[in-house]
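Enquirer: Residues in the sequence shown are numbered from 1 upward in steps of one, following the working numbering.
Source of the hints: derived by calculation from the structure; they are not laboratory data. Be aware that one or more of the hints could be misleading.
Claimed, not checked - No farther apart than 27 Å at their CA atoms in a straight line, the calculated lysine-lysine pairs in the DSS-like style are these:
hint, residue 1, residue 2
1, K217, K144
2, K35, K144
3, K35, K126
4, K217, K238
5, K144, K211
6, K152, K217
7, K266, K126
Model, not experiment: these values are computed from the prediction.
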Amino acid sequence: MNKVSTHSVWRIAGYLAYGLVLFVLLLFARFPADKFKQYCENRLGGLVSDTACTIDRIEYRMPFTMIFTGIHVRSVTESRASGLTVDRLAISLDSLRSPEAITLAGDLYGGQMSARLAAGDLFSGKIVMNDIRLRDLNAAALQKDLGPVDRKINGTLSVSGRYQAAVADFTGGIGEGRVEMAAGTVALLQPVLSLSQIDFSHLSGNISYEKNRLTVKDGVLKGSDLAGDFFGEIILAKRSSQSELQMGGRLVAQAAFLQAHPQEEKMLQAVMKRYNMTALPFRVGGTLDTPIFRLGN
Numbered sequence: 001m002n003k004v005s006t007h008s009v010w011r012i013a014g015y016l017a018y019g020l021v022l023f024v025l026l027l028f029a030r031f032p033a034d035k036f037k038q039y040c041e042n043r044l045g046g047l048v049s050d051t052a053c054t055i056d057r058i059e060y061r062m063p064f065t066m067i068f069t070g071i072h073v074r075s076v077t078e079s080r081a082s083g084l085t086v087d088r089l090a091i092s093l094d095s096l097r098s099p100e101a102i103t104l105a106g107d108l109y110g111g112q113m114s115a116r117l118a119a120g121d122l123f124s125g126k127i128v129m130n131d132i133r134l135r136d137l138n139a140a141a142l143q144k145d146l147g148p149v150d151r152k153i154n155g156t157l158s159v160s161g162r163y164q165a166a167v168a169d170f171t172g173g174i175g176e177g178r179v180e181m182a183a184g185t186v187a188l189l190q191p192v193l194s195l196s197q198i199d200f201s202h203l204s205g206n207i208s209y210e211k212n213r214l215t216v217k218d219g220v221l222k223g224s225d226l227a228g229d230f231f232g233e234i235i236l237a238k239r240s241s242q243s244e245l246q247m248g249g250r251l252v253a254q255a256a257f258l259q260a261h262p263q264e265e266k267m268l269q270a271v272m273k274r275y276n277m278t279a280l281p282f283r284v285g286g287t288l289d290t291p292i293f294r295l296g297n
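Using the sequences provided together with the hints, build the complete structure.
Expert: Structure, rendered in structure tokens:
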């Protein structure tokens, strides 16, 4: 009895998936391409409030894949141009034997992205994305498009994790994952230990997101001048440059830096002696646009 019941469930699910794919094909074939494209633009733009979306091209490939080329999402509220561009996004139903599995794969900012979407949750008004992977993104190009600040950021960015949200409130969901950057540079608004920028070979941290609050834990920084650890959170605002930043951690000056900056070495030793610590505590507060850095607890 159980075997018959299970088989029936999968057969019905297969019919539903087949019907869904057939519906998309008929929709794509029945309506003019520009109207189908406009429908997709409206749906994608509607996922995030105050944004507009355009798509250069949409095509269908056998057996179960839709390919979107040139997806441009732009903010309609930011004073300066900001947004996100996906060069190519393929949405594929794996097979009729696994109608629950939808695979996303794409190219953006010189890197690749992939994720798995649970199709069954879409019918209940939820978006559940697992196995999210963003690999080798050009951080400078991404920062230029997103545009929260004007300061220079370079490096190779990778992110992994999962995310779920209501279809009607895509940015109001919850997620967790890990972020990593390699061979990077972050320009500073004000000098830190005589440095106008921080160079690093490796930067990483565990991240979580809930209700517009991005939390960073177990952060690690490794560079030729400085090394250290950090933690904190960013409370995202409607205008990304006004997002509130509260970060803290410890810094250790590398031997090569201390040899090149003897005056800084004396100051560091005095501060660490004051706090009875072997590393230099620091805090960063304010907004992404105007962060304030200070040494000490």
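Enquirer: Does K144 lie within 27 Å of K217 when you go C-alpha to C-alpha?
Expert: Distance ~26 Å between K217 and K144 Cα, so the pair holds.
Enquirer: Within 27 Å, alpha carbon to alpha carbon, are K152 and K217?
Expert: Since the Cα atoms of K152 and K217 sit roughly 24 Å apart, the hinted pair holds (cutoff 27 Å).
Enquirer: Need the status of pair K35, K144: alpha-carbon distance at most 27 Å?
Expert: 31 Å, violated
Enquirer: Would you mind confirming whether the straight-line C-alpha gap from K35 to K126 stays at or under 27 Å?
Expert: Roughly 26 Å separates the two Cα atoms, so the pair holds.
Enquirer: Between K144 and K211, is the straight-line Cα distance small enough, at 27 Å or below?
Expert: Judged against 27 Å, a Cα distance of about 25 Å means the pair holds.
Enquirer: Under the criterion that the straight-line Cα-Cα distance not exceed 27 Å, is the pair K266, K126 satisfied?
Expert: 56 Å, violated
Enquirer: Would you check the hint for K217 and K238, treating anything up to 27 Å between C-alpha atoms as holding?
Expert: 24 Å, holds
In terms of the numbered hints stated before, the structure departs from hints 2 and 7, listed from lowest to highest.
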